[in-house]
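2 protein chains.
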Amino acid sequence: MQSLGCDVAALNTVQFSNHTGYGQWTGSRVSAQEITDLFQGLKQSYLDDFDMMLSGYVPGAEALEAVGRIAQELKAKAKKKPGSFFWVLDPVMGDNGNLYVAQDVVPVYKSLVSHADLILPNQFEAELLSEARIVDMASLGRAIQVMHERYGIPHIIITSVSLGDSDPASLPPSALCVVGSTMTSARRARAFKIVFPAIDCYFSGTGDMFAALTVVRMREAVWNTPGGELVGTEAWRSADAVDALELPLAKAAEKVLASMHEVLTKTCQAMEEGLRRRRGEGVNGDDKTARLLKSKAAELRLVRHVDSLRNPKVEFRAVKV
Amino acid sequence: MQSLGCDVAALNTVQFSNHTGYGQWTGSRVSAQEITDLFQGLKQSYLDDFDMMLSGYVPGAEALEAVGRIAQELKAKAKKKPGSFFWVLDPVMGDNGNLYVAQDVVPVYKSLVSHADLILPNQFEAELLSEARIVDMASLGRAIQVMHERYGIPHIIITSVSLGDSDPASLPPSALCVVGSTMTSARRARAFKIVFPAIDCYFSGTGDMFAALTVVRMREAVWNTPGGELVGTEAWRSADAVDALELPLAKAAEKVLASMHEVLTKTCQAMEEGLRRRRGEGVNGDDKTARLLKSKAAELRLVRHVDSLRNPKVEFRAVKV
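Protein chains in written order, with my numbering: chain A, 46 to 366; chain B, 46 to 366.
Source of the hints: derived by calculation from the structure; they are not laboratory data. Watch out, some of these pointers could steer you wrong.
Intra- or inter-copy, both count: the list cannot distinguish identical chains.
Mimicking DSSO-like on lysine-lysine, the simulated pairs with C-alpha atoms at most 27 Å apart in a straight line are [stated by the list, open to error]:
| id | residue 1 | residue 2 |
| --- | --- | --- |
| 1 | 341 | 125 |
| 2 | 122 | 155 |
| 3 | 341 | 120 |
| 4 | 339 | 88 |
| 5 | 333 | 358 |
| 6 | 333 | 122 |
| 7 | 120 | 155 |
| 8 | 339 | 296 |
| 9 | 126 | 339 |
| 10 | 124 | 88 |
| 11 | 124 | 311 |
| 12 | 339 | 125 |
| 13 | 122 | 365 |
| 14 | 358 | 155 |
| 15 | 120 | 311 |
| 16 | 155 | 125 |
| 17 | 341 | 124 |
| 18 | 126 | 311 |
| 19 | 126 | 341 |
| 20 | 341 | 88 |
| 21 | 339 | 122 |
When you get a sec, could you build the whole thing from the sequences and use the hints?
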């Protein structure tokens, strides 16, 4: 976000030695009380003038409630100036059928989604929020419709969709897609998808990268609407006449995926080299060591590929669902 | 550091709502035990392969000891490969005669400086470490000599020097300077100074900015020595024949100050505008409010001036002391 020009205030919800993909870590979570205290500290010094908020991984229900109260307070404060505050909520709960937060976090997300402007669930999280199984494009479309209707959530991107063999026509093998939608005034979905090639590497942090880039690119796309017409509107929701492929959400997602694809491709290329170098340094041995070194080698190479964040070449375009 | 290409692992020693220049804040310090635990976490997953370490504000003696143990451990590990680890220690204790850490932090810094490669005290901190008053260029030179001799510290930059009226010849009014030195093999000082215009604004975080830029620019200057001859040498200490003005430390400091001057100038220009805007939003009133808004307006504008960090125009050159 900083590399794209945002002044960012980070409120850490954990301080861990490393991401949990390593399978082991030290450090601690920040308590709900401390999260609340930190926001009070910002407020009392007039440091709460945020244009956008991105919330991500929050491992406990109480801490998540504290984060939700902050977002709702900022939203209430912005009520008189439509479009002046926008909450991107990444409902981090799990992946591929596995929860990696406490069970009681799920109902908290369900209660918060109706206050957010844009949510970024993966396929599993979309199932949890819509309470519907997603097995093909049709059921995925229904899940999106359910979320728009039930939560009134204006913008949705489902960030990783893999539909298996049950819908072979929609995706070639070794392809992934994201599916996004901005609802109409009648809460009807306007869905698009973007298909892109899968990279055969296991990365961590791609969800956070997607979310951070989406914050910046969504704002940019809204500012780029003709005459900036959307800037002062509630939740930056396009008029009903706007086609799915003309949504700022679709434009944003195209740029986000372009950056992602470039950084992931370069990370994957460098990965083998990194593994070789560490082996050359004599760190070698058992399965656990090999697994840890692989996690390290797969760390997203963001800093050295800032240009891919700033000026990605858009190759994968949104198409209608 | 990231904008200049470094992959950075940050170990937060505090999580505060804002810097302490506001006079009020919330949040908490990280305990010595947690600092130690976090480093253990990095080690157990082979994530401790650092080329450099920068240590800054650590408010308590025990936490500082924990930070010092990490640096010493990394240094010991690098012993077989001279030049492969470099510790920049910013001995943050106070400014202008006032301590802003606990009293018992001072002796801990004195015990740690002998393990560091480069220290960045301001004038007051240099007095504390050398146990000598600094009133003019001569006494400042003696303080540097004392620190080289007593601690064997290879590189020193005194980051803010203001000598008052007692040494009128050395600095014009409204000028500041930094004084740096890399010791010879006989622990003799090789000192240079860089004079630059003062900007009439009260900023916070300039010390941290100076330190972060110095980490990057010192490494770059060492890599740029003819044939990269210094890269594999203990503490990157130049041969005795190298003149003060040819030191990598001097080259680094020139670039650091160039970036600082550009960012501070632009921050100061934007400051008045920021204050006006906030007043226009109706935040106004008592002295406390005005002071808080001024602190906010004086926040260093780093993100929007990345180019000043990356490609500063060097105008102020090192001269011999």
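Right, here's what the structure says about each hint:
In this assembly of identical chains, the alpha carbons of residue 341 and residue 125 lie at most 27 Å apart only when taken from different copies (24 Å versus 47 Å within one copy). Within a single copy, residue 122 and residue 155 get their C-alpha atoms as close as 23 Å, which meets the 27 Å cut-off; across copies the closest is 49 Å, which misses it. Taking the shortest alpha-carbon separations for residue 341 and residue 120, only the inter-copy value of 22 Å comes in at or below 27 Å, while the best intra-copy value is 38 Å. For the identical chains of this complex, residue 339 and residue 88 are inter-copy neighbours only, at 15 Å across copies versus 42 Å inside a copy, given an alpha-carbon limit of 27 Å.
Neither within a single protomer nor between protomers do residue 333 and residue 358 lie at most 27 Å apart by alpha-carbon distance, with minima of 38 Å and 49 Å respectively. Only between protomers do residue 333 and residue 122 lie at most 27 Å apart by alpha-carbon distance; the minimum there is 22 Å, versus 50 Å within a single protomer. Taking the shortest alpha-carbon separations for residue 120 and residue 155, only the intra-copy value of 18 Å comes in at or below 27 Å, while the best inter-copy value is 49 Å. Taking the shortest alpha-carbon separations for residue 339 and residue 296, neither the intra-copy value of 34 Å nor the inter-copy value of 38 Å comes in at or below 27 Å.
Taking identical chains as interchangeable, the C-alpha atoms of residue 126 and residue 339 lie at most 27 Å apart only when they sit on different chains, with a minimum of 25 Å there against 48 Å within one chain. Taking the shortest Cα distances, residue 124 and residue 88 sit within 27 Å of each other inside one copy (17 Å), while across copies they are farther apart (48 Å). Taking identical chains as interchangeable, the C-alpha atoms of residue 124 and residue 311 are never at most 27 Å apart, the minima being 43 Å within one chain and 33 Å between chains. For the homomeric pair residue 339 and residue 125, the shortest alpha-carbon distance between copies (26 Å) is at most 27 Å, but the shortest distance inside one copy (50 Å) is not.
Proximity of residue 122 to residue 365 under the C-alpha cut-off of 27 Å is found in neither arrangement, the shortest distances being 36 Å within a copy and 57 Å between copies. Proximity of residue 358 to residue 155 under the C-alpha cut-off of 27 Å is found in neither arrangement, the shortest distances being 36 Å within a copy and 53 Å between copies. For the homomeric pair residue 120 and residue 311, neither the shortest alpha-carbon distance inside one copy (38 Å) nor that between copies (32 Å) is at most 27 Å. For a Cα distance limit of 27 Å, the shortest separation of residue 155 from residue 125 inside one copy, 26 Å, qualifies, whereas the shortest one across copies, 55 Å, does not.
When the C-alpha separation of residue 341 and residue 124 is checked against a cutoff of 27 Å, the pair qualifies only between copies, where the shortest distance is 24 Å, while the shortest distance within a copy is 44 Å. Neither within a single protomer nor between protomers do residue 126 and residue 311 lie at most 27 Å apart by alpha-carbon distance, with minima of 42 Å and 29 Å respectively. In the homo-oligomer, the alpha carbons of residue 126 and residue 341 lie at most 27 Å apart only across protomers (22 Å), although the nearest pairing inside one protomer, at 45 Å, exceeds that limit. Taking the closest pair of Cα atoms, residue 341 and residue 88 come within 27 Å of each other only across two copies (12 Å); inside a single copy the shortest separation is 38 Å, beyond that limit.
In the homo-oligomer, the alpha carbons of residue 339 and residue 122 lie at most 27 Å apart only across protomers (22 Å), although the nearest pairing inside one protomer, at 46 Å, exceeds that limit.
The structure does not agree with the numbered hints 5, 8, 11, 13, 14, 15 and 18 stated previously, though it agrees with the rest.
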